[in-house]
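**Q** Sequence:
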Amino acid sequence: MHTIPLTAGLIRGALELERTAHGLLPHRLPARARARCADPQLALAESQPSGVRLAFRTRATTVELDALPTKRVYPGVPPRPDGVYELLVDGRPAGSASLAEGDTLTIDLGTGTAEHRPGPVGTLRFTGLPDADKDVEIWLPHNERTELVALRADAPVEPVPDRGRRVWLHHGSSISHGSDAASPTTTWPALAASLAGVELINLGLAGSALLDPFTARALRDTPADLISVKLGINVVNTDLMRLRAFGPAVHGFLDTVREGHPGTPLLVVSPVLCPMHEETPGPTAMDMAALGEGRVRYRATGDPAERAAGKLTLEAVREELARIVRERAAEDPRLYHLDGRELYGEADFAELPLPDGLHPDTAGHRRIGERFAALAFAADGPFAGRAA
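Just so we're aligned, residue 355 is where the sequence shown starts under this note's numbering, counting upward by one.
Don't read these hints as lab results, they were simulated from the structure.
Glycine included, C-beta positions come from ideal geometry on N, C-alpha and C.
Don't take each hint at face value.
As the list claims (entries may be wrong) - Cβ-Cβ distance ranges computed for the label pairs, FRET-style:
no. : residue 1 : residue 2 : range
1   : Pro432    : Gln395    : 15 to 23 Å
2   : Pro513    : Arg386    : 21 to 29 Å
3   : Gly551    : Gln395    : 31 to 39 Å
4   : Ser548    : Thr458    : 30 to 38 Å
Model the full assembly from the supplied sequences, consistent with the hints where possible.
**A** Put into structure tokens, the structure is as follows:
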């Protein structure tokens, strides 16, 4: 087995790689962005490598990866499954594995406190690969912080050559991050990227799509051929702002993105259907009665009557986003709008309900990913163009 140096040329989907005591930690926000916010939720979300994968060309028939994941434990909540590492060979699924080893982060939902306990590094081993030149990808768990420790193969490895595929940069909430998808390639952005033949950079940040200026600057400074921003649900979840602040915040966010991408197709996507917040403002809270029964569910705690005073609901957010894009598009012909209910609406909810009231499951992710690919990448869609 050859030990392969872990370099930036072998890692896709991360905006930055941090050298740690163990190896490399992929980040989906750069250090200058992370320095602007001390929110532990954001720190956790951006360090979970949704859409991040190792990509290389090799004749190797056996590949090993040493990694150190961080497992999350929530006392009183059903245990979370181990994160999934997925192997793709020439773009096709070729295996998956998980690690039981790793650090543990125990988070008390009642107090918000967290305790970190170190654990051992684990090894993933993929065998029986075709004995021929091939493109190999190892997609890292979308919902589990992962430090890359070592890579080994029984033949030389080189970066995958440029295939001329367009780069799609996407930002959104936990649903874009991957929420309750079963694996990293079954999150809706990964599915849509695969169907469209584009390279994904996923800045879906669970609980953290909050129109933060530092996130807008990260989008501004990241090279991309296509950009989408899915906005609104987290602003309602957190009861972060009123309608008066929301509109200018959206304008400022888009202004910043446009500074770096003045002519790039930019698609603004409003929230998918979420019945509990359609007419009821946030904040969102854990349903403690369901938790006592061993189930995870969420509920809206706001008062619908407060919408008149500017509190945000999903209906209000969609109306405002549609208005903003309509008005800006008069001077920005490559700015587009997509109502999120075209991706997941009332009929979809009846067929594929949200298990916890907030997040889709794997089947829901597939529905959203297929719909997004069909709408955004259609011949007359905002991302129309060739697929490599």
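**Q** Each hint needs a verdict: does it hold in this structure or not?
**A** Here is how each hint holds up against the structure:
no.: 1; hint: Pro432 with Gln395: 15 to 23 Å; result: holds (20 Å)
no.: 2; hint: Pro513 with Arg386: 21 to 29 Å; result: holds (26 Å)
no.: 3; hint: Gly551 with Gln395: 31 to 39 Å; result: holds (33 Å)
no.: 4; hint: Ser548 with Thr458: 30 to 38 Å; result: holds (32 Å)
The structure agrees with every numbered hint stated previously.
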